[in-house]
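Student: Throw the hints in and build the complete structure from the sequences for me.
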Amino acid sequence: MNIGIIAHNSKKSLIEDFCIAYKGILARHEIYATGTTGRRIEEVTNLHVHKFLAGSLGGDKQFTEMIERNDMDMVIFFYNSAITEPREPDVAKIVRACDQYNIPVATNIATAEMLILGLDRGDLDWRIQYKEDM
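Numbered according to our numbering, the sequence shown spans residues 3 to 136.
There may be inaccurate statements among the hints.
In silico lysine-lysine, DSSO-like type, Cα no more than 30 Å apart, as pairs [to be verified]: (1) K63 / K53; (2) K14 / K63; (3) K13 / K95; (4) K95 / K133; (5) K25 / K133; (6) K63 / K13; (7) K25 / K63; (8) K133 / K53; (9) K133 / K63; (10) K14 / K53; (11) K53 / K25; (12) K95 / K63; (13) K53 / K13; (14) K13 / K25; (15) K25 / K14; (16) K14 / K95; (17) K95 / K25; (18) K95 / K53.
Each pair of labels, with its calculated beta carbon distance range [as the list claims (entries may be wrong)]: (19) T113 / L49: 20 to 26 Å; (20) S58 / S15: 14 to 20 Å; (21) D125 / R71: 22 to 28 Å; (22) R98 / Y132: 16 to 22 Å.
These aren't lab readings, by the way, just hints derived from the structure by calculation.
Every residue, glycine too, gets a C-beta built ideally from N, C-alpha and C.
Tutor: Set out below in structure tokens:
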């Protein structure tokens with residue numbers, strides 16, 4: 003499965019900790035991330051991450067385009083709800099695209115843990131058939 007991971011600057015440490023904790027599961031899948039987030043995940047986990055540009059340089063648009071092609075199977079997007087910076091990836095646009103293409107999305111650690119554990123159990127295998135039927 004293709005897992006998209008994105009995080010606002012204030013949530014980078016949290017996404018690193020999440021990826022360290024679930025490295026064993028993530029290692030069995032393809033990981034896609036915006037540039038800085040992807041680099042940091044690689045540094046702390048030694049996992050291979052397909053990296054887009056940094057979010058502020060258009061990586062969030064590349065990320066969204068992959069969602070719109072229905073090439074992402076799950077998205078984890080940790081964002082800071084208290085800050086709206088134009089340089090940060092657009093939360094609403096990414097979540098809206100996930101909703102449109104039936105891609106499970108987590109925007110907080112609690113939901114992300116449920117999704118990653120469900121992925122490990124096979125609960126997201128329906129995505130394979132869904133994409134084939136498209």
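Student: Flag every earlier hint the structure violates by its number, smallest first.
Tutor: Those not satisfied: there are none.
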